[in-house]
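Visitor: Sequences listed follow chains A and B, in order.
Just so you know, numbering that gives the first Met the number 0 puts 21 at position 22 of the first sequence, and the rest follows in order with no gaps.
Just so you know, numbering that gives the first Met the number 0 puts 1 at position 2 of the second sequence, and the rest follows in order with no gaps.
Hints are computed from structural coordinates only; laboratory data are not their basis.
Each hint should be verified, as a subset may be incorrect.
[What the hints assert, rightly or not] To give an idea of the interface, some chain B residues facing chain A are shown, with a C-beta separation under 7 Å as derived from the structure:
#: 1; residue: R77
#: 2; residue: E104
#: 3; residue: V105
[What the hints assert, rightly or not] Distance condition first, Cα-Cα at most 25 Å in a straight line; then the derived PhoX-like pairs of lysine-lysine:
#: 4; chain 1: A; residue 1: K9; chain 2: B; residue 2: K88
#: 5; chain 1: B; residue 1: K129; chain 2: B; residue 2: K88
#: 6; chain 1: B; residue 1: K111; chain 2: A; residue 2: K9
#: 7; chain 1: A; residue 1: K208; chain 2: B; residue 2: K88
#: 8; chain 1: A; residue 1: K157; chain 2: A; residue 2: K101
#: 9; chain 1: B; residue 1: K156; chain 2: B; residue 2: K204
#: 10; chain 1: B; residue 1: K2; chain 2: B; residue 2: K204
#: 11; chain 1: B; residue 1: K129; chain 2: A; residue 2: K208
#: 12; chain 1: A; residue 1: K56; chain 2: A; residue 2: K175
#: 13; chain 1: A; residue 1: K93; chain 2: A; residue 2: K76
#: 14; chain 1: B; residue 1: K218; chain 2: B; residue 2: K204
#: 15; chain 1: B; residue 1: K156; chain 2: B; residue 2: K218
[Stated by the list, open to error] Beyond 12 Å from chain A on every Cβ pair, some chain B residues (computed):
#: 16; residue: S7
#: 17; residue: S55
#: 18; residue: V185
#: 19; residue: N200
Note that CB positions come from ideal geometry on N, CA and C, so glycine has one too.
Below are the chains, spelled out letter by letter.
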Amino acid sequence: MFSNFYRVIKFALQNFFRNFWLSAVTIFIITLSFVTVNFFILANGFSDAVLTTIEQKANITIFFQVTAQESDVQAFKAEIENMPQIALLEYISKQDALERFKNSARVEGRTSIVDALDELEINPLQSSIIITARSIEDYPAILSAIEKSPYTSIIEEKTYRDRQSIITSIERLKGKIRDVGVSVMAFFAIIVALIIYNTIRITIYSRRKEFGIMKLVGASNWMIRMPLLLEGILYAVISLGITILILFPLLSFLQPYTTRYFDGLAFDVLGFFSDRFIVIFGYELAAAIGVNILASGLAIGRYLRV
Amino acid sequence: MIKIENVSKTYRPDVEALKDISIAIEPGEFVFLVGQSGAGKSTLVRLLTAEERPSSGQIEVGGWDITRLSRRHIPRLRRQIGVVYQDFKLLEQRTLYENVAFALEVCGTSLKTVHTVVPQLLRIVGLEEKAHRYPRQLSGGEQQRSAIARALVHRPKLLIADEPTGDLDSVTAKGIVDLLMRINDVGTTILFVTHNRDIVNMLRKRVISLHDGSVRSDKVGKYFI
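Here chain B stands alone, though its shape is the one from the complex:
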């Protein structure tokens, strides 16, 4: 699903965010990407979503060499990847339903499909009852569920969760992890970026640990610092 080969990213003048890393993630895997702040996790996410390009090396996502992707094709790549962030990135002036529908509308989906897909997704994340509430009327966990529903609108094969539980208490965080596990069960590859040791240790999944821009370890098990 993801093939990262000898990727380095250097920011001017001489900040090396990633140093010659190579990672391969198979379709349907649930992988934790862990590391302290500044380890290079967020840089790697930005490279995977083609917000930035690597200084050297090659990245393939779903068979696409995204390092050579033209600007015109970037939107098509992003429809194959769902992304959720720590700060949810919901539009405050739109209801939960509108937030999810917005993601479809801006991609040119027909109104009929929007009306079919959005309620389905809200049911999956357990928020169909709150579809017409605004983000400020929802709890942090509910907002993150909404963001997950939005990330799933294009039925992506890969879901990247960048610190999705960063602002949530442990009980709510557990609910988000369970939801991501369920999404993984139906075949969606999950890349869960976190520095929360408890969450990683709760599940026995593959853990890739980044340290100072390099892969320190890559194995199934626990997260040790």
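Same shape as in the complex, but just chain A:
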């Protein structure tokens, strides 16, 4: 059994190297397909990162009237803070607001304002609440809950840093990238299948004498077919290996440029692939092996009579 397995591998490797240029062209096209597919995966990951960054920056800020009673503000806070949609609720009291304002004024060198505020006997600043929702879709529910509250009279102003329109357009773009990505992957899967099919067909033709002799001396169908299937798998494995060897140096070269270009966006192109190495390349390998087995199997069934 072991010697059979060894021979199947030996025959597959022999054929691979005997038809070196045919193997090289096949691998080149499969590699090209892999690289393109990975760039679409990267584009998809990038649009996800942009969305997350924008979503994280959305919040609702509620300013209370200067005259609002602290007890009312606390009652309002207690009413809404248990909403399941709220991820983070930050309460800034009048005193906190004053301290923050003074600190920032001092940092900016506007000491006269600080002095003027110190002269005033009352605190002119408002207390406020900053709410961050769990997800961008939760903001309308939170806004509606605020409006229905019996304490609306103490609210002077509420600002919803609405990035919904940007988010919608990015989501639309992301959807398009995904659609195009899926189409491109399907297209390349077909191309790879056709290439493998043709390569195996040529192999069968160029080795027809050898196959004839194998049949003549009673080689099992498994022994005749298995090296061809294995050859298809070998193309997939080698192509993926080359893709990884191309992709990682290319991305580390591009990394500083992408960071500089998309200032403030935490998207690590290299990290994107290294964090998901097993998932991305595992699926790609499985898909490529699947396509190869299918295409080789079809070519063997069609052209190799055993």
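With chain A held as given, fit chain B onto it using these hints.
Guide: Only chain B this time, still in chain A's reference frame:
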């Protein structure tokens, strides 16, 4: 060894290659199958090696009804039958040793057995000295001997020689016939397909003559056209 009963083979649309033939060959026999081109000799060989199936009738080889043989069992049948052809069918890029060993390797024989069996066979066909030469470095007769060595790797009970001397001069052809006779002497049934009258007439063996897809004669003696 071989039992052919009412076998016909028709190719589409209406070419009748074999017409209701019946032949029985006993174990250990040396039989010539003769006939002109197109008589149906090659068709019969293809039916015996299960490359094709008859349109009707039944064929038994070594007790196996090969007309009902499933595709999966065909390799097992072929290991019971050795076949040599006019064009030798040797792999040009492999040495003589590798050509013979290849036949064992692809059937899953262990490496140890390969190393034991191949030199033995090369000794039988008288080519142990040339084991590491390539087919192009051998004469036609030597190439045919190599093909015979390969056909014997599974110690078949039946050896079918399909025009084995077709491309050889008469002296070399005589050597091949002698080799086949020696193989027959140790009990291997030989079916020698030829249209070479000189070879048939050299030996007084059973001659089955095919003509236009039918058995014209089946007797011990000479080959008359």
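Visitor: Run the distance test for K129/B versus K208/A: straight-line Cα separation, threshold 25 Å.
Guide: Distance ~23 Å between K129/B and K208/A Cα, so the pair holds.
Visitor: Interface hint check: V105/B, Cβ to nearest Cβ on chain A, cutoff 7 Å. Holds or violated?
Guide: Status holds, d = 4 Å.
Visitor: Closest CB-CB distance from V185/B to chain A, is it above 12 Å?
Guide: 20 Å, holds
Visitor: Below or equal to 25 Å on CA atoms is what counts here, so check K111/B against K9/A.
Guide: Cα-Cα ~17 Å, so holds.
Visitor: Is the straight-line distance between the alpha-carbon of K208/A and that of K88/B 25 Å or less?
Guide: Holds, at about 7 Å.
Visitor: For the pair supplied as a hint, K129/B and K88/B, confirm whether the alpha-carbon distance does not exceed 25 Å.
Guide: At roughly 18 Å apart (the allowed maximum being 25 Å), K88/B and K129/B satisfy the hint.
Visitor: What's the verdict on K9/A and K88/B, does the C-alpha distance respect the 25 Å limit or exceed it?
Guide: Holds - the C-alpha atoms of K88/B and K9/A are around 22 Å apart, at most 25 Å.
Visitor: With the threshold set at 25 Å, check whether the alpha-carbon distance from K2/B to K204/B stays at or below it.
Guide: Holds - the C-alpha atoms of K204/B and K2/B are around 19 Å apart, at most 25 Å.
Visitor: For K156/B and K218/B, compute the direct alpha-carbon distance and say whether it is at most 25 Å.
Guide: 22 Å, holds
Visitor: Need the status of pair K218/B, K204/B: alpha-carbon distance at most 25 Å?
Guide: 8 Å, holds
Visitor: Does the alpha-carbon distance linking K93/A and K76/A stay inside the 25 Å limit?
Guide: Holds. K93/A to K76/A sits at ~15 Å (cutoff 25 Å).
Visitor: Is the interface hint satisfied for E104/B? The criterion is a beta-carbon contact with chain A at less than 7 Å.
Guide: For E104/B, the interface hint holds, since the closest Cβ of chain A sits about 6 Å away, which is under 7 Å.
In this structure, none of the earlier numbered hints is contradicted; all agree with it.
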